[in-house]
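Given only the sequences and the hints, what does the whole structure look like? Please build it.
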Amino acid sequence: MRRRFFIFCWVAGVIYLTNLEAIPIEIRENKEGGFQLLVEGKPFLVKGVIYHPIPPGKDFTYNFWQDLESIREDAKLIKQAGFNTVRFYEPCLDLEQTRKVIGVFYEEGIYTIMGHWLGFWNYPSPFYGDKDFRNKVKEDVLRMVEALKEEEGLLCWILGNENNYSFSGKVNGWTSPEVEKLESPRERIDKKAEIYYSFVNEIAKAIKEIDKDHPVGLGNGELITLDTASQKAKAVDFLALIFYRGKRFGNIFNSLKHIFNKPVLISETGCDAYDAYRKREDQDIQAKFLLSQWIDIYRNSTFFKKRGNCLGGVIFEWSDEWWKHNPSDRSLWGYHDTLGGWSNGAYYFDIKAPRNLNMNEEWFGIVAWEKSEEGFKKRPRKAYYILREFFQNPANFLDND
Amino acid sequence: MIRKFSFLFFVLFYLSVQSLAQHPQGLTFFRENIKKAEELFLQLKKWQEDKDWENFFSFKEKYFKEIVELLSPIDKPLLLKLQAHYLLLRLKYLLDLKDVKQEEELFLKELEGVKTGDPELISFLKKVLSEIPPENRQFKRKVTSLYIEFLQKSKSSQVLREELESFYNQKDIETFSKLAKSYLNLIRGEKEFKEEAKNFIERSICDGFKEYCQPYFAEELFKEFSDLDDISSDWLYLRAYNLEKASEYEKAVSAYKNFLDKFPESPLLDEVIWRLGFIYLYKLSDFSQAEEYFLKLKDRGFKVDRYLNVMKDRVNLEKLSYNEEMFLRALKEKDLFLKGRLQIDSCPARAFLGQRVNLKSLSLSPDTGCLQPQGLFLWSGDLGGVKIATNTPSFQTSFKKEGFKIINLVEVVTGDTFSGLDSCFFNIYRLEVIKKKVKGKSIGLEVKVFPPLPESLLEVFWRAEKEGKVVWEKEGKTFSGELSPDYLLRVYLSFLGKVIYSEEIPLDFLKS
Numbered sequence: 001m002r003r004r005f006f007i008f009c010w011v012a013g014v015i016y017l018t019n020l021e022a023i024p025i026e027i028r029e030n031k032e033g034g035f036q037l038l039v040e041g042k043p044f045l046v047k048g049v050i051y052h053p054i055p056p057g058k059d060f061t062y063n064f065w066q067d068l069e070s071i072r073e074d075a076k077l078i079k080q081a082g083f084n085t086v087r088f089y090e091p092c093l094d095l096e097q098t099r100k101v102i103g104v105f106y107e108e109g110i111y112t113i114m115g116h117w118l119g120f121w122n123y124p125s126p127f128y129g130d131k132d133f134r135n136k137v138k139e140d141v142l143r144m145v146e147a148l149k150e151e152e153g154l155l156c157w158i159l160g161n162e163n164n165y166s167f168s169g170k171v172n173g174w175t176s177p178e179v180e181k182l183e184s185p186r187e188r189i190d191k192k193a194e195i196y197y198s199f200v201n202e203i204a205k206a207i208k209e210i211d212k213d214h215p216v217g218l219g220n221g222e223l224i225t226l227d228t229a230s231q232k233a234k235a236v237d238f239l240a241l242i243f244y245r246g247k248r249f250g251n252i253f254n255s256l257k258h259i260f261n262k263p264v265l266i267s268e269t270g271c272d273a274y275d276a277y278r279k280r281e282d283q284d285i286q287a288k289f290l291l292s293q294w295i296d297i298y299r300n301s302t303f304f305k306k307r308g309n310c311l312g313g314v315i316f317e318w319s320d321e322w323w324k325h326n327p328s329d330r331s332l333w334g335y336h337d338t339l340g341g342w343s344n345g346a347y348y349f350d351i352k353a354p355r356n357l358n359m360n361e362e363w364f365g366i367v368a369w370e371k372s373e374e375g376f377k378k379r380p381r382k383a384y385y386i387l388r389e390f391f392q393n394p395a396n397f398l399d400n401d
Numbered sequence: 402m403i404r405k406f407s408f409l410f411f412v413l414f415y416l417s418v419q420s421l422a423q424h425p426q427g428l429t430f431f432r433e434n435i436k437k438a439e440e441l442f443l444q445l446k447k448w449q450e451d452k453d454w455e456n457f458f459s460f461k462e463k464y465f466k467e468i469v470e471l472l473s474p475i476d477k478p479l480l481l482k483l484q485a486h487y488l489l490l491r492l493k494y495l496l497d498l499k500d501v502k503q504e505e506e507l508f509l510k511e512l513e514g515v516k517t518g519d520p521e522l523i524s525f526l527k528k529v530l531s532e533i534p535p536e537n538r539q540f541k542r543k544v545t546s547l548y549i550e551f552l553q554k555s556k557s558s559q560v561l562r563e564e565l566e567s568f569y570n571q572k573d574i575e576t577f578s579k580l581a582k583s584y585l586n587l588i589r590g591e592k593e594f595k596e597e598a599k600n601f602i603e604r605s606i607c608d609g610f611k612e613y614c615q616p617y618f619a620e621e622l623f624k625e626f627s628d629l630d631d632i633s634s635d636w637l638y639l640r641a642y643n644l645e646k647a648s649e650y651e652k653a654v655s656a657y658k659n660f661l662d663k664f665p666e667s668p669l670l671d672e673v674i675w676r677l678g679f680i681y682l683y684k685l686s687d688f689s690q691a692e693e694y695f696l697k698l699k700d701r702g703f704k705v706d707r708y709l710n711v712m713k714d715r716v717n718l719e720k721l722s723y724n725e726e727m728f729l730r731a732l733k734e735k736d737l738f739l740k741g742r743l744q745i746d747s748c749p750a751r752a753f754l755g756q757r758v759n760l761k762s763l764s765l766s767p768d769t770g771c772l773q774p775q776g777l778f779l780w781s782g783d784l785g786g787v788k789i790a791t792n793t794p795s796f797q798t799s800f801k802k803e804g805f806k807i808i809n810l811v812e813v814v815t816g817d818t819f820s821g822l823d824s825c826f827f828n829i830y831r832l833e834v835i836k837k838k839v840k841g842k843s844i845g846l847e848v849k850v851f852p853p854l855p856e857s858l859l860e861v862f863w864r865a866e867k868e869g870k871v872v873w874e875k876e877g878k879t880f881s882g883e884l885s886p887d888y889l890l891r892v893y894l895s896f897l898g899k900v901i902y903s904e905e906i907p908l909d910f911l912k913s
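Going down the list, the protein sequences come from chains H and Y. Just so you know, we're using my numbering here: the first sequence kicks off at 1 and counts up by one. Just so you know, we're using my numbering here: the second sequence kicks off at 402 and counts up by one.
I should point out that these hints are in silico values taken from the structure, not numbers from a laboratory. These figures come from a predicted structure and were not determined experimentally. Take every hint as true, because none was put in to throw you off.
Derived lysine to aspartate or glutamate pairs resembling DMTMM-like cross-links, with alpha carbons at most 20 Å apart: (1) H/Lys279 <-> Y/Glu536; (2) Y/Lys461 <-> H/Asp284; (3) H/Lys324 <-> H/Asp337; (4) H/Lys288 <-> Y/Asp453.
This is the structure we're talking about:
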């Protein structure tokens, strides 16, 4: 009897173990305190690019999701460069179309990071303190998750982007009765942060109830207000941070271990290819900056050191967008504007531009649009090729650095 | 028989020389290798310029290896070796390789100890200098330094002459003066020597108008070539003025006095006496000497009581403007604080009525560590009617009255602590164009300058334009010829080759 029971247990155990599936996507912490993203059980470094291919003459309302042929061509090019991920700030209104696009990229072995703005660009303002607003946004997010969670090519979710810049009122300012009670500007900012990050936490928990297979990230601009996030948004699995710090990221990876010890994905970074001081395209400097950024990303991942907390990076962006400098003037969407829109001293090569406006929003692509007889064609810039070399053999570059 | 053997011997000798040239270590072989390597490099460069990244990145590794293989056997002669090194360096710049610094060091090492100023080597280095990327500043500086060294050793006066002009045009007056010295040493004894020396003096001398000058070099030339034909009063004046601009006040005073002794009838006489008074009062603080010269000016009809009263402490400070009061206080206390902490960096020798005058000061901060006090700039004297704010280290003005002007500046830090003072002296001139005669369609015009300037230093030329195009140009302070009311006529005054003033001459009188 005992023997039969033992054989039964043994057979049941074998059947159970063989039916166990690998968790498709997960983040693990090692004993040294490093974080690693695993896809199908294998370490995965996110080598991503933001995909928002608005052609010259169009603006952000253009529905690029419909042009599957063009997306297929891009996917091949993206793959050839060595990228393994694309990031979208939000899905198409037509979620079915979104699924198709995720599928097109996955055919080339490219994963998709899907984001949601969390109502940030809602008019008149994103009222994160308002219950109805929050419910509406949450519904929208969960609808998106429900529709896309089964897609094999889906990597993870990112909630928000630089929404935290709204706390100071400078971008898409909002308020609430709770905030209005406070007099001190500092307290107001903190209160808004609490409200917002609590909301993100609520959504993250709700996502996990319906989708246990994909990590959820908090999109945040810089390290600003992450101390509050560390208290209010503990349910997120990783931080998806946006940095424009020039060639390197400084000590952010170390700082984060103390501020909010979660794995970090550099979800948006880059360099424009226009020198606003010398008034000419400069592909060399863009290539240098992006390569340097990637070396830094790599050095802070577990692919380089056990304590690494960087899951990878996502470059802004795949192709130039010619509408960005003057979104309200349709006549300029077909013109490649060379004026800088904002200033950043970390991009020192053209900081002497008039009024120090050296960041050229229309020139961040690693692929440029080139006019030809048949219309506009895409032409990869030097950065595309440099990164291709880097992804093929990062060790070459790390040794020489 | 002997003839046959000689012939055979000659043929064998010829063939062996040819084969040597084709030998793997021969010159022809090296030159061919450099040529092939250059072609590969230029192809890569073209792809980069055309932004043909597909080809550039596909072939760069292969071409790099091939180029290194082609260039590695080249070890002599020196010029070929340098060409090989340089090509490799350019390749590494192009590919942005990390070991480019080592390549630069190797290149420089080859040049160390080279003793000659070989023209081919000089020409090669010149080409290198023009191609070094601007961001490689340190390397460029080192190569420039070697280049100048080789030029100075050069025996070719033509090469030296060309290069010193090139540096002059790049406004590198320091290098220009070094090469000019070497050049003059080479052509000493030749017929163009004096003319060239005079030319270099003119170009390096500080005359109050040049943006860049080398007063010490000019003085060296003056000293060495003081037997230049008939040193006129004008040249003696220029030498003294140059010394003044170089802040060599004792020597300037000596030179000005020499001028007074030799040329008591010169049109520059008044100006020189003013300068002596000015230097003694404001630069050397020798009040008794200053008084002597200001009294001379008084005898000549100039109003100088103010300066005489300053020296006698008879100036009522309370009646002066705050700025002037501070300046005079500082003048008395000059020895109590460091000299040379403030300079009026830009002070013209002369200007004309209504012409813009730029005054620019240079303040050298005291060595007080991190905390540098913010100075107030207190301008006083003949300011031309402008009001200047106290945080203004420079300003522009113009004058409606001719005559000698003195502008003073004192920098005050926290109340009445002085950190420097300086003064600027110049002359405001008036230009008159006199109609000499009118005869039929022919007009005679003459330019007169008040007070007068020496003719050898001042050149005048006229230019007539019609509808934006030059109709004619003529030199000389007098002009006669045909003019039309629809012409635009301008007269230009040039001092030591540089145009210092121009004025439009109205031609309305032709209509009547």
